[in-house]
Structure formats: structure tokens, C-alpha cells
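The chain contents come next:
2 protein chains.
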Amino acid sequence: MSKVAETTLEKLDRAFNPRSVAVVGDKQALGYMWLRSLIPFKGKVYSVQIDPNELPGIAELGVENYLTLMDIPGPVDYVIASVPRAVAPRIVEDCIQKKVGGVCFFTSGFAETNTEEGIRLQRVIADLAGKASLNLIGPNCVGLYNPKIGLRHTEAQDYGEDGSVGFIAQSGTHATLFTLVGQHEGIKISKSVSYGNAVVLDSTDFLEYLGADEETKIIGMYIEGVKDGRRFFRSLREVASRKPVLIWKGGETEEGARATASHTGVLAESGIVWQAAIKQCGAIKVDNLDEMVDTVKALVYVKPATGTRVGLIAMSGGQSVVVTDTFAKAGLKVPLLTQSSYQRLATFFNIIGGSYRNPFDISSTFLMADNGVSNLASMLDVMDQDPNIDCVVLELFPVIRPLSQNPETADPILDTVSDFNERSEKPFMLIVTAAYSAALASETRDKLVERGIPSFPNFERAAKTLKRLADYYQFRHEQSQN
Amino acid sequence: MSKVAETTLEKLDRAFNPRSVAVVGDKQALGYMWLRSLIPFKGKVYSVQIDPNELPGIAELGVENYLTLMDIPGPVDYVIASVPRAVAPRIVEDCIQKKVGGVCFFTSGFAETNTEEGIRLQRVIADLAGKASLNLIGPNCVGLYNPKIGLRHTEAQDYGEDGSVGFIAQSGTHATLFTLVGQHEGIKISKSVSYGNAVVLDSTDFLEYLGADEETKIIGMYIEGVKDGRRFFRSLREVASRKPVLIWKGGETEEGARATASHTGVLAESGIVWQAAIKQCGAIKVDNLDEMVDTVKALVYVKPATGTRVGLIAMSGGQSVVVTDTFAKAGLKVPLLTQSSYQRLATFFNIIGGSYRNPFDISSTFLMADNGVSNLASMLDVMDQDPNIDCVVLELFPVIRPLSQNPETADPILDTVSDFNERSEKPFMLIVTAAYSAALASETRDKLVERGIPSFPNFERAAKTLKRLADYYQFRHEQSQN
Numbered sequence: 003m004s005k006v007a008e009t010t011l012e013k014l015d016r017a018f019n020p021r022s023v024a025v026v027g028d029k030q031a032l033g034y035m036w037l038r039s040l041i042p043f044k045g046k047v048y049s050v051q052i053d054p055n056e057l058p059g060i061a062e063l064g065v066e067n068y069l070t071l072m073d074i075p076g077p078v079d080y081v082i083a084s085v086p087r088a089v090a091p092r093i094v095e096d097c098i099q100k101k102v103g104g105v106c107f108f109t110s111g112f113a114e115t116n117t118e119e120g121i122r123l124q125r126v127i128a129d130l131a132g133k134a135s136l137n138l139i140g141p142n143c144v145g146l147y148n149p150k151i152g153l154r155h156t157e158a159q160d161y162g163e164d165g166s167v168g169f170i171a172q173s174g175t176h177a178t179l180f181t182l183v184g185q186h187e188g189i190k191i192s193k194s195v196s197y198g199n200a201v202v203l204d205s206t207d208f209l210e211y212l213g214a215d216e217e218t219k220i221i222g223m224y225i226e227g228v229k230d231g232r233r234f235f236r237s238l239r240e241v242a243s244r245k246p247v248l249i250w251k252g253g254e255t256e257e258g259a260r261a262t263a264s265h266t267g268v269l270a271e272s273g274i275v276w277q278a279a280i281k282q283c284g285a286i287k288v289d290n291l292d293e294m295v296d297t298v299k300a301l302v303y304v305k306p307a308t309g310t311r312v313g314l315i316a317m318s319g320g321q322s323v324v325v326t327d328t329f330a331k332a333g334l335k336v337p338l339l340t341q342s343s344y345q346r347l348a349t350f351f352n353i354i355g356g357s358y359r360n361p362f363d364i365s366s367t368f369l370m371a372d373n374g375v376s377n378l379a380s381m382l383d384v385m386d387q388d389p390n391i392d393c394v395v396l397e398l399f400p401v402i403r404p405l406s407q408n409p410e411t412a413d414p415i416l417d418t419v420s421d422f423n424e425r426s427e428k429p430f431m432l433i434v435t436a437a438y439s440a441a442l443a444s445e446t447r448d449k450l451v452e453r454g455i456p457s458f459p460n461f462e463r464a465a466k467t468l469k470r471l472a473d474y475y476q477f478r479h480e481q482s483q484n
Numbered sequence: 003m004s005k006v007a008e009t010t011l012e013k014l015d016r017a018f019n020p021r022s023v024a025v026v027g028d029k030q031a032l033g034y035m036w037l038r039s040l041i042p043f044k045g046k047v048y049s050v051q052i053d054p055n056e057l058p059g060i061a062e063l064g065v066e067n068y069l070t071l072m073d074i075p076g077p078v079d080y081v082i083a084s085v086p087r088a089v090a091p092r093i094v095e096d097c098i099q100k101k102v103g104g105v106c107f108f109t110s111g112f113a114e115t116n117t118e119e120g121i122r123l124q125r126v127i128a129d130l131a132g133k134a135s136l137n138l139i140g141p142n143c144v145g146l147y148n149p150k151i152g153l154r155h156t157e158a159q160d161y162g163e164d165g166s167v168g169f170i171a172q173s174g175t176h177a178t179l180f181t182l183v184g185q186h187e188g189i190k191i192s193k194s195v196s197y198g199n200a201v202v203l204d205s206t207d208f209l210e211y212l213g214a215d216e217e218t219k220i221i222g223m224y225i226e227g228v229k230d231g232r233r234f235f236r237s238l239r240e241v242a243s244r245k246p247v248l249i250w251k252g253g254e255t256e257e258g259a260r261a262t263a264s265h266t267g268v269l270a271e272s273g274i275v276w277q278a279a280i281k282q283c284g285a286i287k288v289d290n291l292d293e294m295v296d297t298v299k300a301l302v303y304v305k306p307a308t309g310t311r312v313g314l315i316a317m318s319g320g321q322s323v324v325v326t327d328t329f330a331k332a333g334l335k336v337p338l339l340t341q342s343s344y345q346r347l348a349t350f351f352n353i354i355g356g357s358y359r360n361p362f363d364i365s366s367t368f369l370m371a372d373n374g375v376s377n378l379a380s381m382l383d384v385m386d387q388d389p390n391i392d393c394v395v396l397e398l399f400p401v402i403r404p405l406s407q408n409p410e411t412a413d414p415i416l417d418t419v420s421d422f423n424e425r426s427e428k429p430f431m432l433i434v435t436a437a438y439s440a441a442l443a444s445e446t447r448d449k450l451v452e453r454g455i456p457s458f459p460n461f462e463r464a465a466k467t468l469k470r471l472a473d474y475y476q477f478r479h480e481q482s483q484n
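Chains as they are written, first to last, in my numbering: chain A, 3 to 484; chain B, 3 to 484.
These are calculated hints, taken from the structure and not from any lab test. Just so you know, not all the hints are guaranteed correct.
One copy or two, it doesn't matter: identical chains are merged, so the pair holds either way.
The calculated lysine-lysine pairs, modelled on DSS-like cross-linking and capped at a C-alpha distance of 27 Å, are [claimed, not checked]:
#, residue 1, residue 2
1, K29, K287
2, K331, K469
3, K229, K190
4, K229, K29
5, K331, K229
6, K44, K449
7, K287, K219
8, K245, K100
9, K287, K335
10, K133, K287
Construct the entire structure; sequences and hints are all you get.
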């Protein structure tokens with residue numbers, strides 16, 4: 003790594019872990035969204051605002067206001083600028099003079115507008131920051147999120163806890179949505195960043211930073227375009243050899259690329275080129291937010307496996323057919339079990355209204371039996387011990403009346419699957435569909451997250467995620483053999 | 003149509019519209035699920051049960067009990083049998099003697115178990131019913147649902163209202179799930195049936211019945227296998243020429259076909275053969291429950307169009323890129339608008355923090371403007387009047403704070419889109435994502451259903467549905483030209 007790059011990383015470390023933050027230009031019209039997002043921040047928060055009409059609102063939040071950055075008494079590690087675009091150059095100059103650790107420009111209206119003035123202003127701030135080696139993030143972005151110290155970009159984000167997942171997004175919306183959806187799915191963020199037009203710091207800088215960050219074990223990225231493709235893919239290959247990196251590419255289609263030009267001012271490269279390059283670098287390609295969330299969740303919680311032979315357990319005959327079709331279509335195998343498994347199943351499994359080849363339809367033996375929960379444990383054990391099976395998949399609660407209408411009866415079942423997840427060495431996936439009751443499904447999923455077993459909302463998402471994981475671990479395994 | 007078929011239809015009409023229903027063998031262990039499902043039924047309900055322990059529970063429900071079907075004083079139009087499989091032949095004999103309109107066997111344990119006794123019993127009831135032309139539905143199914151008269155198979159199903167959507171499912175779970183999910187999506191059922199092992203009446207009988215039923219405008223089917231493929235596809239072609247028929251095939255894969263054998267005892271034919279035959283007959287192929295629900299919903303609520311040029315409106319820049327990629331990948335076009343549209347947009351659209359080529363990113367002009375709602379109406383009108391655009395797609399409420407945290411501010415927006423939906427002749431689709439708040443998204447979707455505009459939960463489902471619809475209407479259009 004070059005000397006300059008090291009300096010960038012050192013300075014990024016100061017911006018990602020600030021002890022003081024200044025918000026420039028927050029206002030009532032935005033509901034003081036930036037100052038509010040910093041309420042749990044564990045360091046000093048300052049406001050910079052010259053509009054006298056805004057001062058009472060800022061005072062009400064208990065934040066000290068200054069007329070310029072330079073007036074702030076101590077050092078400022080991180081600045082959030084939400085100012086009119088014409089003011090941006092002056093704020094950049096102030097940041098340079100104040101020697102801040104980094105500045106995020108929420109301000110938009112630059113090259114992405116394809117106007118003369120926007121393009122000119124973007125060039126001015128890029129030149130100023132570039133010459134002074136100022137860590138400028140954006141413009142047209144929401145910047146950094148470090149939950150442990152309460153540095154956020156929206157009030158809805160969690161704070162106070164450690165995490166292991168890093169997220170890098172060219173889009174503020176996707177940075178926000180990933181962290182918010184992740185909160186419900188047991189995905190805990192180490193650090194995340196939205197970087198918009200990327201006029202100074204680009205995706206590669208953040209990838210190298212989170213690649214070196216010890217807290218970050220997995221990295222997700224939403225990218226519209228990179229300035230230096232060669233440097234990006236060199237870094238990607240290096241980081242992806244040490245930790246999983248997932249890439250969601252915005253602007254893969256011709257029409258989508260037109261949209262990225264209006265969004266972050268970047269020209270998106272061809273989707274096919276990216277697809278090949280991502281694969282060659284050993285990163286994982288995902289195509290949307292759901293796939294990003296599912297795959298990260300599985301990397302965190304599902305035990306690694308290269309095998310693709312799946313044992314499927316469904317709660318009704320109709321679901322047993324559909325889950326099997328879905329996993330087979332995703333490229334997974336649904337093999338028969340060994341004879342000794344079938345002998346064991348024959349001792350307790352009621353085939354009137356059920357079946358146990360593979361898939362299992364367990365309605366008769368689990369749901370309608372007095373000792374249903376212990377039967378479920380036995381069925382899971384058969385799957386666990388069968389040498390034909392690499393991964394176990396269980397569907398919970400689609401429609402069955404006694405369970406659906408009485409959440410308390412669900413707890414012993416959740417304990418049983420949670421015990422199994424702890425004692426089995428095989429990857430184990432749970433699917434909780436929402437068809438019967440969205441509210442109950444949501445409650446059940448939350449309980450499972452508390453028990454450390456996030457679930458998947460339908461067969462398709464579970465099957466595709468398992469296949470993506472198996473491919474990834476297979477690739478890693480082959481690499482390690484070379 | 004042959005004389006025998008006409009008789010079957012006439013008799014099915016009696017079973018689908020019964021004035022009296024008898025439940026044989028309902029019991030405490032099942033929570034008296036059948037008698038409870040009939041609480042809103044607008045005709046006479048009888049119980050047949052010989053176990054004295056069950057009689058107090060039945061009396062408590064206010065239902066008269068008899069020891070045999072023959073003891074019931076008047077005629078019985080429809081029988082639901084939930085008895086041990088060994089008793090099934092005697093119940094069939096009783097139904098024949100009582101000249102009932104139809105009997106559904108919830109009872110399972112027949113050929114699907116692949117046991118000698120199960121296969122033998124299935125043959126016995128099939129022979130008895132076949133010889134006497136008894137309308138036997140099942141066994142191993144949940145039978146008929148006619149919401150208008152309160153004939154249901156689960157307490158969770160709606161009743162009392164007319165509907166236009168018929169559903170035919172080999173699986174009881176899928177019949178139940180489709181009707182329950184449909185209830186939240188504005189899909190109103192005319193009549194539905196689950197028919198299990200199909201030993202007497204098969205999918206074709208129900209297809210012909212609902213094909214002739216005037217209330218039923220759209221037919222959805224979940225099929226594992228048919229007994230007489232030639233007859234089925236002949237009927238399918240005929241019915242599909244008059245109303246949309248959607249087919250979801252269970253057991254498309256080799257592994258899935260093994261599951262259908264254990265589920266309903268049928269041997270599923272190759273998925274590829276079905277795929278070709280469905281297309282040739284002019285029916286619509288769907289691959290899972292979500293696709294079934296989405297496509298039916300769109301057939302009911304979205305105006306027909308053969309064009310594939312889409313105008314996309316998203317609530318943030320990041321979403322505008324992703325929605326565009328998604329629609330383009332689904333095979334739809336996202337063209338530029340005409341110059342006159344751009345001239346009109348330039349008069350009110352704020353491009354600082356937004357953009358309006360196609361897609362539109364409307365955050366600056368809608369969400370952050372005082373006259374946001376009227377701007378939204380103007381943007382929709384531009385799309386409506388632009389000759390380059392066939393269909394309009396709008397994303398609502400992903401993450402934006404003022405809207406997300408204050409549901410009341412949503413109402414004028416919902417009124418605006420509802421007005422647009424009524425006055426525009428172009429197909430219009432709404433997407434309400436759940437990322438920011440599942441509860442708010444759910445509430446918003448319910449309000450939209452009340453206004454007659456069901457929404458889609460993500461970009462993929464909306465895009466794929468629109469493409470499926472455009473292909474269908476294009477096919478119909480070509481057929482009508484021949």
C-alpha cells in the first residue's frame with residue numbers, strides 16, 4: 003500500500019471515529035434531521051448556522067451554535083454540511099483551514115444535474131479538497147454511520163452496539179435501507195458510508211478502509227460507477243481474499259445507467275463487464291436489496307458448507323411440493339435419505355396426512371400429534387445424521403390453525419429449532435412465510451432473531467441464498483487448494 | 003359439451019351453491035374446524051357423529067347431530083367428510099343413497115401413502131362414486147369455498163361478498179393461502195375448490211365449471227398432475243379463449259414430482275411439456291403463490307395494455323436507479339419523454355436533489371416542496387399525456403421522514419394517486435416497499451386497497467407482473483387479429 007493511501011486511511015479513521023462533529027446548515031425545514039441524528043453521539047456536537055431564525059431551534063436541542071467552523075474552540079473530527087450548493091466551496095475552504103478529519107456534503111445540485119453551474123461547482127470543491135488532501139465524502143450523500151459511538155445519518159438507526167458488517171453505498175437511500183432492514187434481521191453494522199458523487203474519496207478508498215478494519219468481517223457494497231476501475235478491482239481482489247465482499251451494481255442496464263448519470267453523475271459501465279470482474283475477484287454478486295440482506299444474514303448466521311444436498315421439512319403437503327420445486331430450480335439437490343434414516347422415521351412418523359421421503363410433509367406427525375415437538379426434534383436429528391444431506395431447511399407456521407392462533411404454543415417449537423441450530427454442524431435455514439398472518443410471522447421472526455436464527459420470508463429467497471453461499475464457499479475452497 | 007359433462011356441471015352447481023351442508027366426523031381434536039367454518043353459512047348445517055364424547059361440543063355450537071347421513075330429514079346438497087380412511091367407503095355409500103349434491107373427503111391416507119391399504123381404499127371409493135356418478139371431491143383435500151353464501155374451509159376466510167376470481171387447487175394449503183393472501187390484496191373470490199387426489203372429479207371438471215360460471219371472470223389453478231391431459235388442455239384452450247386462466251404447476255422438477263407422488267398420489271409430468279402446452283392454450287404460467295397473487299391482482303385492477311414503454315417515478319435517486327434496472331431487466335422499456343414533456347417539467351421540477359428524464363427522482367420536487375401534492379399530480383399528468391409512455395409506475399414512501407412518521411400526511415397523496423388512477427387510461431402501478439417500516443407499509447397498502455389500487459411490495463414483483471400482463475394482452479390481441 004502506498005504512503006498516500008496510508009495517510010488517507012489514517013485520516014478516514016479519524017472521520018469514522020470522531021470525538022467531535024460539526025453540522026453546518028441544519029434547519030427547521032429538514033426537522034433538524036442531522037442534529038437529531040446525533041442525539042446519542044458520544045462526543046461533542048456543534049452547529050454552524052448563520053440564519054438567526056434557525057438559532058432558537060438549535061438552542062432547543064441543546065447544541066452550541068457558531069457562525070463559522072473556525073469559531074469552534076477545539077478540533078473538529080467530522081463535518082456534515084447541509085448548505086446551498088453555492089456555499090459549498092467556502093465550507094470546503096473552512097474545513098481545510100480547520101484541519102478537520104473529514105467532511106460529508108449532504109448538499110446536492112452538482113454534476114448529477116448536468117447543468118453548467120453544477121458541473122463548475124463540483125470541479126471547484128474537488129480541486130480544493132484534492133490539493134489539500136481533505137477527506138471529502140460526497141457531495142450528494144449522507145456520509146458515515148458508526149453505531150457504536152452514535153454517529154448516524156437518520157434517527158431511525160440503532161446505536162450503542164458493536165457490529166461486524168460494513169456497508170459502502172453510492173446511494174444514501176440504500177445505505178439507509180440496508181441498515182434499517184438489517185436491524186430487523188439481526189445484521190449489526192460495524193461502520194457504513196454513503197458517498198454520492200465521489201469527487202474525492204471513491205468506493206475503493208472505503209473498501210480499503212473497511213478491508214483493513216478489524217471489526218468489519220463482511221462488506222456489502224452498492225456501486226453505480228468507479229473512477230479508477232483498475233485500482234478498484236485490484237483492491238477488491240485483495241480484500242475479497244480475506245473477507246466476503248458482496249457487490250450490488252446499480253446501472254447494469256442501459257436505461258439504469260442513464261439513471262445513475264442523473265443520480266450521482268457517474269457513467270455506469272456495462273453490467274456484463276462488472277459481472278465477470280466481480281466473479282474473478284472472488285466477490286459475491288447480488289442484484290437487489292433483498293439479496294444483499296439475505297446473503298449477509300446467511301454469511302453471519304448460517305454455518306458454511308460447500309455441499310448442495312438439501313433436506314427439506316415442510317408443514318403441509320402442498321408446501322412440501324413447492325419448496326422442493328423451488329430448491330431444485332435454484333440448482334440444489336433434494337436427494338433420498340439412507341435406508342437407516344427411513345427405518346428410524348418409520349418408528350414414529352404418521353404417513354396418513356404426511357410423508358417422509360425428502361421433502362418431509364410433517365403436518366400429521368408434528369402438528370397433529372401430542373408429542374409433536376419431540377417428533378420435530380427427532381426429524382431434525384434424522385436429517386442431521388443422514389450422510390446424504392448437507393443442509394437442513396425447515397418451514398415454520400404457514401397456515402396451521404392451533405399454532406397460528408396461539409403464539410405461546412410457538413415458544414417450545416422455537417426452542418427446539420434453536421437447540422438444533424446450536425448442536426448441529428450442518429447449515430440450517432428457517433423459512434417463516436407471512437401468508438396466514440403477517441403480524442404473527444413478523445413476531446415469530448423477531449423471536450428467532452433473538453435466538454440467533456434469522457429466518458427467510460419465502461422459499462425462493464432461502465433457496466437462492468443457500469445456492470449463492472454454497473457457490474461462494476466452493477470457490478473459496480478451490481482457491482485454498484491452489 | 004357431452005350430455006354426461008352437462009350433468010356433472012349441473013350437479014357441481016348444486017354442491018357449489020348448497021342450501022344444506024352435513025359435516026361427518028368433525029371433532030374436538032380438530033377444534034371442530036369444519037362446523038366452525040360454517041358458522042356464517044346461509045343454509046342448514048347438520049353434523050353426523052357417532053362418538054358420544056363429541057356430542058356435547060357439537061351441541062354447544064348449536065348444530066343438530068345425527069347418527070347417519072340417512073337420518074337427516076331433508077335433502078343434503080354438500081357433505082364434508084372428516085372420518086378415518088377405513089370408514090370412507092361407507093360414507094360414500096351413504097352419500098349415494100342420500101343422493102347428495104357432492105361430497106368432499108378431508109380424509110387422507112389413500113394412494114398418496116403408497117401403502118397397499120391406502121391404494122385399495124382409494125380404488126374402492128373411486129369405483130363406488132364413479133358407478134353412481136357421485137360428485138366426489140378429493141379425497142385428501144379441503145373442498146369448496148363460496149364466500150357469498152358463507153361456505154368455507156377455514157374460519158379465517160372472508161364471507162358475505164361477491165367476487166370475480168375463481169381458484170382451483172390440488173393442494174388445500176394453496177387454496178387456503180391464495181384466498182387468505184388475496185383478502186389483503188383486494189382479490190375477491192367467486193368460488194374456489196381444493197381437490198386433492200382427484201379420484202373422481204379432476205381439475206378439468208372444475209375448470210369447465212368455473213369456465214361456465216358467469217360470476218367468475220378470472221381463473222387461477224394450482225395443479226400437480228391431471229388424469230387426462232388431452233381433455234384438460236382441450237378445455238383449457240376453450241376456457242382461456244374467453245377468460246384469463248393462470249396456471250401454477252407443482253412438481254415441475256424431478257424432485258418436486260417425487261413430492262407430488264407423496265402429496266396427492268399423482269405422477270407429475272415434465273415441466274417443459276406443461277410450459278409449452280400452457281402457452282399454446284393461451285393461459286398464463288406463474289411459478290409461485292406471489293406470482294399468482296400479483297398477476298390476478300393486476301388482471302383485476304390494472305388497465306389492460308399491450309405496450310411495454312414504462313414511465314418510472316421514484317422517491318429518491320438510489321431507488322430511481324434500481325427501479326429502472328429492474329424494469330429493464332424484466333424486458334420492459336424505459337424511454338425518454340417527448341421534448342414538450344420536458345419543457346413542461348422544467349417549469350416546476352427542482353433538479354437540485356432530483357431529476358426528470360425517465361426515471362424521475364422526485365424527492366426535491368414532491369417531498370421537499372410546499373406544493374408537493376400538486377406537483378405529484380402534474381408529474382403524473384405529464385406521464386399520462388406523453389405519447390412515448392404506455393404505463394405509469396410510482397413508488398411511494400420508502401424512507402422519507404415527514405411522510406413515514408406521520409401517516410395522516412399520506413392521505414392527500416393517496417387521494418391524488420387514486421384520482422389519477424381513475425382519470426388516466428394508461429395502466430398504473432403503485433409500489434409500496436416495507437423497508438422503512440413494515441407496519442406503515444402494511445397500513446398504506448390497506449388504504450390503497452380500499453381506494454381500489456392494490457400496490458406491489460417491491461420493484462421485481464411489479465416489473466415481472468407488468469411484463470406478464472403485457473405479454474398476455476399482446477397474445478390476446480394477436481389472436482383476435484387472426
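Quick rundown of the hints versus the structure:
1. K29 x K287: neither (39 Å within a copy, 53 Å between copies)
2. K331 x K469: both (10 Å within a copy, 21 Å between copies)
3. K229 x K190: Neither: 30 Å inside a chain and 53 Å across chains, both beyond 27 Å.
4. K229 x K29: neither (33 Å within a copy, 70 Å between copies)
5. K331 x K229: The answer is between: 25 Å across copies meets 27 Å, while 38 Å in one copy does not.
6. K44 x K449: Answer is neither: 30 Å inside a copy and 41 Å across each miss the 27 Å cutoff.
7. K287 x K219: within (17 Å within a copy, 42 Å between copies)
8. K245 x K100: neither (36 Å within a copy, 72 Å between copies)
9. K287 x K335: Both: 22 Å inside a chain and 24 Å across chains, each within 27 Å.
10. K133 x K287: neither (35 Å within a copy, 60 Å between copies)
Hint compliance for this structure: hints 1, 3, 4, 6, 8, 10 are broken, all remaining hints hold.
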